[in-house]
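A.B. asks: Here is how the chains run, residue by residue.
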Amino acid sequence: MVDFSLWDIVRNLLLAARWTVALSLIAFIGGGLVGLALLVARTARWPGAETLVSGYVQLFQGTPLLMQLFLAYFGLALFGLETSAWTAAAVALTLYTSAFLVEIWRGCVAAVPKGQWEAAQSLALSFGEQLRYVVLPQATRIAIAPTVGFLVQVVKGTALASVIGFVELTKAGTMITNATFAPFLVYSCVALMYFALCFPVSLYARTLEKKFHANH
Amino acid sequence: QAALDGVMKNKLIKIAVPTDFPPYGFVGVDLKPQGLDVDMANYIGSKLGVKVELVPVTSANRIPYLQTKKADLVISTLGKNAEREAVIDFTAAYSPFFQAVYAPKSMTITGFADLAGKSVAVTRGAIEDQELTKVAPPTADIKRFEDNNTTVSAFVSGQSQAIATGVSVADNMIKRNPQLGAEFKVLLKDSPNFIGVAKGEDALRLKVNEIIAAAKTSGDIDAMAKKWLGRPAGTLP
Amino acid sequence: MSIELDFWAVLAQWPLLVKGVVWTLGLTAISAVIGLVVGTLCAWARSSGPLWLRWLVGAYVELIRNTPFIVQLFFVFFGLPAAGVKLTPETASVIAMVVNLGAYAAEIIRAGIQATPKGQIEAAASLALSRVQTFVHVVLPPALKKVWPALTSQIIIVMLGSAVCGQISTQELSYAANLIQSRNFRAFEAFIVATAIYLLLSIGVRGLLNWAGPRFFFGGRR
Amino acid sequence: MPTTERTIVDIQQLRKSYGSNEVLKGIDLQVKAGEVIAIIGKSGSGKSTLLRCINGLEEFQAGALTVDDKPLLHKNAAAMRELRQHVGMIFQNFNLFPHLSVGRNVMLAPSLVKKTGSAEGAERARQLLARVGLGEKFDAFPDQLSGGQQQRVAIARALAMQPSVLLCDEITSALDPELVGEVLRVVESLAEEGMTLLMVTHEMGFARKVSDRVIFMHQGRVHEMGPPDKLFGSPETPELQQFLSSIH
Amino acid sequence: MPTTERTIVDIQQLRKSYGSNEVLKGIDLQVKAGEVIAIIGKSGSGKSTLLRCINGLEEFQAGALTVDDKPLLHKNAAAMRELRQHVGMIFQNFNLFPHLSVGRNVMLAPSLVKKTGSAEGAERARQLLARVGLGEKFDAFPDQLSGGQQQRVAIARALAMQPSVLLCDEITSALDPELVGEVLRVVESLAEEGMTLLMVTHEMGFARKVSDRVIFMHQGRVHEMGPPDKLFGSPETPELQQFLSSIH
Ligand SMILES: Nc1ncnc2c1ncn2[C@@H]1O[C@H](COP(=O)(O)OP(=O)(O)OP(=O)(O)O)[C@@H](O)[C@H]1O
Ligand SMILES: Nc1ncnc2c1ncn2[C@@H]1O[C@H](COP(=O)(O)OP(=O)(O)OP(=O)(O)O)[C@@H](O)[C@H]1O
Ligand SMILES: [Mg+2]
Ligand SMILES: [Mg+2]
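Residue numbers (this note's numbering), protein chains in the order written: chain C, 112 to 327; chain D, 1102 to 1338; chain A, -9 to 212; chain X, 18 to 265; chain Y, 18 to 265.
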């Protein structure tokens, strides 16, 4: 029917991998910003924030990302909100990523000893200053490794964006498989490319973790 | 109600096509969709005199695309049944679709009763799934897979003893995997394909029906079927 | 835009949904139990096994953690038959889930083990406990306790991830939703119902694990 | 010792509970400017809690507390910041900021709260560090210092805010015995210069030598109070007698 | 005190280095059954390292060590376990197992190592806990106890293995001053009953009262050794004199 050479497969997959990277970046930046805002709300103990944030986390960690993407793209349109695939992907991936990041980061903030808060407080620093100058710098050090580690999950999670029409790495793989009837070859390439994308990130996370433990 | 007006005004029609269902819709080396459904989409676009934007869809999202107006038409090997008609509207049929059961030559299957105790791979929710579920004996082990390709892969890798799928799909599969020794066993259903239109978009539906009717008379439908299926379309409802 | 949502068209197929829930929970339960055992063994191997074993387990963990679950699933289901092993979709799903969870659990549990104060191990040694006894009775329970929330989250991730097992015809929840929607084209309704059920399942599973963890896996004061 | 008659800390009927556990059961205490007060008592008697109430780290349920005639208002963040500029605190575990150099530890609060310019702040930090005997450690990081040095940095950090009152909560108990002396010497010099000090301590010899007044806390109350010679020399209540005998 | 003439711990020319840092520079020491030995010395002089060598927590590079005439063989896991059944150790930080109740802390090692039946083990644990004054805490968890109570549980736990020698490494230094007494009383009773004890301690009064022999360690060597009255009363070396004066 159609004859894909190995190079055709690899070339197409590489092209599709661009979308995987772009979607990952969107997810990470959006998720990071929203996650930070939620973290601050939660840490500052704004009334109701705790309940709200934990409900948020429960919702977006408790349902499949596939469904979140689907509902962001098609569901909003049901209510007359016209969303492009990019908007929907950005919204859904941001929600999903932030729900995980806020949990990860909360643990890191909690790992900063209470005495640090108290010392900053007794030096007349405001809450914002305590957070900005004393707690977050320390929490960040702890947070870098697990955060970078989570990036890997995000990269793999973008595979589901095919449900709203993105032809990213996994989807491209499926499409090529359907034309070539060579699932092993194609999926091996797909797996390899994910590995090539993710492994350096994992490795980096691990080095950071080691470094942190070393000069801790 | 205004889909046709919108199409004519924007000079653009968005048509959902499959990319996982050769020879109806699959991709070439440039990852651009091609196949019978794709040709049909382009054909309708040219008859309307508008540009065509192809929207690659999967079986899970093709109907939502239509319902949320992200696509005007779905040309994606849609078979018709009463339940489906409650949700979307269908035009006239535009291509034939025969489903049959295939199995290795060494296996004797002369009727559906012979499927008892055997495993049969089928694409989940496809017309052949519904048909097979109706006619197969209860002891037949029907394994339903996500898409056509997974179904074929399951059969090719020996995960199922038989497969129920489209005739042209099977031809292709047998050609590429001669070692299987698979052959046609029994015809499941002759279930032609229809084009899906959002509920109530009668203007668009009638317009497409016109185009299909004209194409049948002019032989264009037969030509398309010949090109992709290797046989003429025959009589379509 | 007016689309009439008809949830009854989906809910009327409740036997399929119930079956899906049972399968999803079943797959999750089996792979959680075996996956935790695998994870614990790997965590032990990686923190105190011989060097070659550490490398082997390390490679396993990295391979799994850096590739998507669906690719792993396809390799088990379509790849192993090429090597002469034929598996039912259900077995293949469980294997893929165990292999996946095992790798993640290994890393999580290892982190818990590493956090064990040295004094605990020395106290056990000076009480003449063997290495295995020390690991099982002194190191593991507090380590599990420490990482239990992370393990719970990972088990839920695996449960939600099991949705793709439907692609190889395992009849779990998303399979049921897809089957329903492909028959009657009620995609929204089917997916919304499935999403709601997934949410309930993950709340339930989290609650269950929070309750069960202290009772069965690590002692200590509640 | 340069004690004046101006009351700088005024505590009236202070009550504080954790849940149903009443930890401070009505504390009355007036501290004069320049006074040095040592607080002693058994573990759990509420000494730390009292200090923590004074600079607002803990909310109390009843009673009134004023510092420099300004009442402590928990709900008012601005008032709390204002108050804390007058009340410095030093902790048992130093609580230096590990990610900042010693100099920056000292400069942080003045630059943020008092908007001290950075050149001026650095100059002042150097002076303060020299004062606690750590002039050359400006660029070191906390984890490069011994416990005694860290605690002296913590003192310099608190002094940088020019507080009117300094609260010290067992600031030598986390130190190796050899390092206690260097910290106590710094505190002693502060006392001599007229700083108002409230310190919880287990170092009875030091308390006796430096303080103007000793407070013995017992079960959430000020059980006995008076000049050190009297309290240590002729304790009146059996509880204090027992406490003093237990620690020798 | 019931000291016999049987040598239970015999240390010959023990040398131990961390990397290039020689921490023990040839230790010779014979301990008789029933003897109570206090080890004193400055921080870093090698006291803990010596104790840790005796029950095999640290490997040493040269010299020989026997307990009950059995040599310590690092490579032989079975021999090490056997040895450790004879040598109990109690740590500064208690190191109770936080996930086990007090009773189970005490019962764990006997049941795993000596295969003691659970009824018998529980019975014995109750006796031991009663002996350290914690009879009613059998079902409590470590974090529900005070430091002094935790340390007494640690003692009971070590005793449950019926060791011939007990090593104590500054077992009261992590305790609040008021809690030190209750632990020392238990140790004293052990000494009176004839347990062989090697203890590193900063409590000079206690060392003087309880021990048969005091060892002053200095820079990795046994610098001075003798009966407590002699060592504390008329120290010979200037190092010991300086050490004793620094801690008072
Ligand atoms: N955060 C808290 N939550 C509940 N109870 C607390 C808290 N902090 C202290 N307490 C209780 O308050 C009482 C007084 O504690 P506080 O720390 O003031 O005692 P203290 O006199 O400083 O003792 P120490 O000498 O041990 O430091 C104790 O009974 C303690 O258990
Ligand atoms: N694990 C280790 N690695 C490297 N050096 C060590 C280690 N443990 C101890 N040392 C060094 O060995 C020397 C002796 O330490 P040791 O703990 O035996 O002293 P100590 O007499 O017990 O002191 P302290 O009274 O502070 O407990 C010190 O110089 C210390 O720095
Ligand atoms: Mg206190
Ligand atoms: Mg020591």
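No lab work stands behind these hints, which were simulated from the structure alone. Glycine residues also receive a C-beta, built at the ideal position from the N, C-alpha and C atoms. Where hints are given, some of them may not hold.
[As the list claims (entries may be wrong)] Below, in silico cross-link-like pairs of lysine-lysine (BS3-like), each with a Cα-Cα straight-line distance of 27 Å or less:
#1 225(C) x 76(A)
#2 108(A) x 135(A)
#3 59(X) x 226(Y)
#4 92(Y) x 42(Y)
#5 92(X) x 59(X)
#6 322(C) x 76(A)
#7 1181(D) x 1317(D)
#8 42(Y) x 108(A)
#9 76(A) x 1276(D)
#10 59(X) x 226(X)
#11 92(X) x 131(X)
#12 42(Y) x 132(Y)
#13 225(C) x 42(X)
#14 76(A) x 321(C)
#15 321(C) x 136(A)
#16 225(C) x 108(A)
#17 322(C) x 136(A)
#18 1152(D) x 1133(D)
#19 108(A) x 321(C)
#20 59(X) x 87(X)
[Stated by the list, open to error] The following residues of chain X were derived to be distant from chain C, with all beta-carbon distances above 10 Å:
#21 51
#22 72
#23 73
#24 74
#25 98
#26 99
#27 102
#28 104
#29 115
#30 116
#31 140
#32 150
#33 174
#34 209
#35 225
[Stated by the list, open to error] Taking beta-carbon pairs under 7 Å as the criterion, some of the chain C residues facing chain A (in silico):
#36 115
#37 116
#38 117
#39 217
#40 221
A.B. asks: Determine for every hint whether it applies to the structure shown.
C.D. replies: A quick look at each hint next to the structure:
no., hint, in the structure
1, 225(C) x 76(A), "56 Å, violated"
2, 108(A) x 135(A), "17 Å, holds"
3, 59(X) x 226(Y), "26 Å, holds"
4, 92(Y) x 42(Y), "22 Å, holds"
5, 92(X) x 59(X), "32 Å, violated"
6, 322(C) x 76(A), "45 Å, violated"
7, 1181(D) x 1317(D), "19 Å, holds"
8, 42(Y) x 108(A), "25 Å, holds"
9, 76(A) x 1276(D), "24 Å, holds"
10, 59(X) x 226(X), "20 Å, holds"
11, 92(X) x 131(X), "22 Å, holds"
12, 42(Y) x 132(Y), "40 Å, violated"
13, 225(C) x 42(X), "26 Å, holds"
14, 76(A) x 321(C), "42 Å, violated"
15, 321(C) x 136(A), "20 Å, holds"
16, 225(C) x 108(A), "24 Å, holds"
17, 322(C) x 136(A), "22 Å, holds"
18, 1152(D) x 1133(D), "16 Å, holds"
19, 108(A) x 321(C), "18 Å, holds"
20, 59(X) x 87(X), "31 Å, violated"
21, 51, "21 Å, holds"
22, 72, "5 Å, violated"
23, 73, "8 Å, violated"
24, 74, "6 Å, violated"
25, 98, "5 Å, violated"
26, 99, "8 Å, violated"
27, 102, "5 Å, violated"
28, 104, "7 Å, violated"
29, 115, "7 Å, violated"
30, 116, "5 Å, violated"
31, 140, "19 Å, holds"
32, 150, "21 Å, holds"
33, 174, "7 Å, violated"
34, 209, "24 Å, holds"
35, 225, "27 Å, holds"
36, 115, "18 Å, violated"
37, 116, "22 Å, violated"
38, 117, "18 Å, violated"
39, 217, "11 Å, violated"
40, 221, "12 Å, violated"
Hints 1, 5, 6, 12, 14, 20, 22, 23, 24, 25, 26, 27, 28, 29, 30, 33, 36, 37, 38, 39, 40 from the earlier list are contradicted by this structure; the remaining hints agree with it.
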